[in-house]
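Here the protein sequences come in this chain order: A and B.
In terms of our numbering, the first sequence opens at residue 154 and continues consecutively.
In terms of our numbering, the second sequence opens at residue 154 and continues consecutively.
Calculated directly from the structure, the hints in this document are not laboratory data.
Please note: incorrect hints may appear among the correct ones.
Said to hold, decoys possible - Straight-line alpha carbon distances no greater than 27 Å define the calculated BS3-like cross-link-like pairs of lysine-lysine that follow: (1) A:LYS588 with B:LYS674; (2) B:LYS346 with A:LYS674; (3) A:LYS697 with B:LYS317; (4) B:LYS595 with B:LYS193; (5) B:LYS697 with A:LYS346; (6) A:LYS697 with A:LYS674; (7) A:LYS697 with B:LYS346.
2 protein chains.
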Amino acid sequence: MPNTVKNILFIMFDQLRWDYLGCTGHPTLKTPHLDRLASKGMRFTNAYVQSPICGSSRMSFYTGRYVQSHGAQRNNFPLKVGEVTLGDHLRAAGMDAFLIGKTHMEADAEGLERLGIPPDSVIGARLSECGFDVVLRDDGLWTEGPDGPYDTRVSPYNTYLRSKGYPAENGWSENANAVALENGEVTSGWFMKYINRPANVAEPDSETPWLTGQAIDFLDQPGRDDRPWLCHLSYIKPHWPYVVPAPYNEMFGPEDVVPPVRSEDEKNDPHPVFAAYMETLVARSFSRQEVREKAIPSYMALIKQADDQMGRLFTYLEEAGRMENTMIVVTSDHGDYLGDHWLGEKNFFHDCSVKIPLIIYDPRPEADATRGQSCDALVEAIDLTATFIECAGKEVPDHIVEGRSLCPLLHGEAPGDWREVVISEMDYSTTQMAKSLSMPHKDARLFMVFDGRWKLVHAEGGLPPLLFDLHDDPDELKDLGRDPAYESERRRMYDHLHAWSRRLSQRTAISDAKLDAMQGKYPRQGVLLGLYDGSEVQEENLCKVPAVPARQDTLD
Amino acid sequence: MPNTVKNILFIMFDQLRWDYLGCTGHPTLKTPHLDRLASKGMRFTNAYVQSPICGSSRMSFYTGRYVQSHGAQRNNFPLKVGEVTLGDHLRAAGMDAFLIGKTHMEADAEGLERLGIPPDSVIGARLSECGFDVVLRDDGLWTEGPDGPYDTRVSPYNTYLRSKGYPAENGWSENANAVALENGEVTSGWFMKYINRPANVAEPDSETPWLTGQAIDFLDQPGRDDRPWLCHLSYIKPHWPYVVPAPYNEMFGPEDVVPPVRSEDEKNDPHPVFAAYMETLVARSFSRQEVREKAIPSYMALIKQADDQMGRLFTYLEEAGRMENTMIVVTSDHGDYLGDHWLGEKNFFHDCSVKIPLIIYDPRPEADATRGQSCDALVEAIDLTATFIECAGKEVPDHIVEGRSLCPLLHGEAPGDWREVVISEMDYSTTQMAKSLSMPHKDARLFMVFDGRWKLVHAEGGLPPLLFDLHDDPDELKDLGRDPAYESERRRMYDHLHAWSRRLSQRTAISDAKLDAMQGKYPRQGVLLGLYDGSEVQEENLCKVPAVPARQDTLD
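All chains, please: the whole structure from these sequences, using the hints.
Structural data, given as structure tokens:
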């Protein structure tokens, strides 16, 4: 096993597309700070999330387990109380695990109650926060409607804004995610028509700089390095509402927007789930060029701001001498359609949604040989938990964690038995799509399996699959799922899916090492089934003969 | 929903073959008391366990979930701490759940510690005892060898024997499961050569009458019916060691033993796992006629004794007026090869191993029309948890419980959407079979899928499947798993297996009703993604417009 890593800074952006970075080839968006990190580390070009939606994707990141294994199938579905988290694994290895920002974790309140665990005990709090010790938890969605708020917590960000003199009770809504119109009025950031106007907040007080400041404060605390730590710095942006403060709001315009990846052909007899998705409001909205020309410049500006904040953070780390002992990971929980394929949001399996940026800077000398390289191995979000456990100096408990450590790849090794496919899942049971398809909850599920070329999407509920050939059709415009010519490819991909679906995922309470110890143990504990006269027992003293006399009543 | 049932007596025998009862057609073994129960209730002729081995099968009985779902893959693999048990469900419905006898439950000690649950708290004790409140826990295997005891608990049975004046520290081993030879010496019950000699114990003190007495004492306690209860009366016998006290030991002889179900053809190019099983000591032993002629009469005698004890128990219930308000279930956790197919023990999927007897007496008038009938629907052990929950008056929480209530069948209804296949699993990772096949732990797994005619056994690890046609080959002597003529049957059965393997089994922390409530909820909590100018919002006041003025710095 390689040397351990002292500290890990695990940075996640929300809804950041893999191809909206300079180093991944965006033509008009430059991200020099993230590019610099990539030049010092390794960039993974085939990294996929286990579900293209915040909550489920993150529960996979934070447990190292597939969605079908941890069961938090969709946003706000609780992570069941028995699941072991990254924090549990790291603490067992002597490393703390802190959270600054978003997790989208929903606590299993029923489970906690059933097990008698007070939610405000140390263990209860960790179970409620996906295993992290919370420095700051902010999921960045402080909306309110006729039925009340989306998130019933107290917003640390709103508290911060008030401390800075903002008068609003909900500054997230009235300042950071509202825009100032030219007439001096303010309107909601939900109205994309106006989102190229500046956010109604001073730039240093907007969400991304605020969280960066919180992270620097945390890192700068006296005694911070007394114990090894992982800090999950989890940003809220560039996730919608696509509102950005001045001067960023003016940095990009319609001329910087790349054309949508879509074709009229996609609307011709589309797969039923794809069709239902295209009918949703967000998809129809992002199919309009005027929406794209408003939303995408804002989205790009949010990324630009994020990159500048990375510059601020990396400069701090360099000056504080932390680059020598801190692994830095930058990734995202999923992408954003932005009008590609006539869709908005994520929730489906085209690369713009399910593929993520992933940059890992490993400070260890073992990684020197790969600095600045990219790696095209098939990587899954669940691999990070495994990587971090190994970095903390523990063997990956592969009876629990389904991901694989990326350390060999970071260190220039090419494991011969690397995975052949990545898996991603989508539960759309609570969506408009399920409603319009009249799909029962349990059948409103999709599975993606991708082998680097072929991408199969299986749909439950008796629907046909989708199939894309990313070699001949890298833009995924041609669904071959019902084309008779591709039956053998579909079958091969289904074989992969089914080998995966039969996997052992719940034997989490006993390790392989313990199984080894159990093998052949029973006879040595006196369980001697199959003997006829004892001559079958080679080992002396294995069979214990009773020492008592026969009872008279048995001899009568 | 039908009326509730006041009390449930859930009787399980261990290793009782489905076809070793009078009412299931055994030619030489008569079981009038169990037959009488069958005549008052319903007998299920196609009931299958979810794993033909004690611990895993029972964890499925006690959770209502498949082995792949609960993860207790084999004996002494812990049931992970988050699993919801029958006891949890029943208590939530106002019914207590008591245990008298065996569960083969292994507590998830690591999980309890991780969650900070003291094992001796009420919740910790229930988690350690598979959800039951323990009247008496005795797994009936109090052996000891050079490495110490198999079971480190204190044996209630040994305590009982000592209270009756038996001098041995371990009366289970020295009396109840030892035999008295004619010369006055005593030998171990493991030596099958001698097991037609009487057990070294007085019949009323042997395990089956002892547990029956405990059950009657429990039922007779003052105030017992203050609250509804389920009592799991879980016998140890006729599980090996096949030792029975006088006079039962003399009731059956070689002339009562039915011929083995096997053919020389089965040894011709057998499936690798089947071949490895045939090589084990217990299989070689039970393939010998002299072993069968010793073991089977004892096994039959243990069942005869059990039936007599059922007579004692049912008489008590009748005299106590309990037949009017007590559902009585009699079943087994799996069968016993007894030399059929050249095998001993269970651990594989021929009917003699994986099919179980199941008799349900339902006191409710709704069941009057079906009394004495048999039912050939495909039934799984996991159905009992669902049945009991419904009997207790609660809807079956089918996001947790994978079995289905048998109440409709008991009440003469024929649900149109009943299951098409039953599933059973086997993890042989810690066995000699895995060792001789050099099979990695995770690949040492088998899945059975049976549709009432075709039985497919899938083996992980790159091995071929087995296939039996129980219509043309009811004795399962001809493995068609590699016969090219049956490719379409295999594919059809694999489709069933894979539909099952893709099932939703871990979304246990949120019910379907809660999902219903979530549908379309976000906009009413202020999440309004996809708006361009607000004209898309039909509902008035859905979109909250900020009330604050624009900040001057945003307007400069």
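Checklist entry - Of the numbered hints stated previously, which ones are contradicted by the structure, given in increasing order? => result Going through the list in order, the structure violates hint 4 alone and respects the others.
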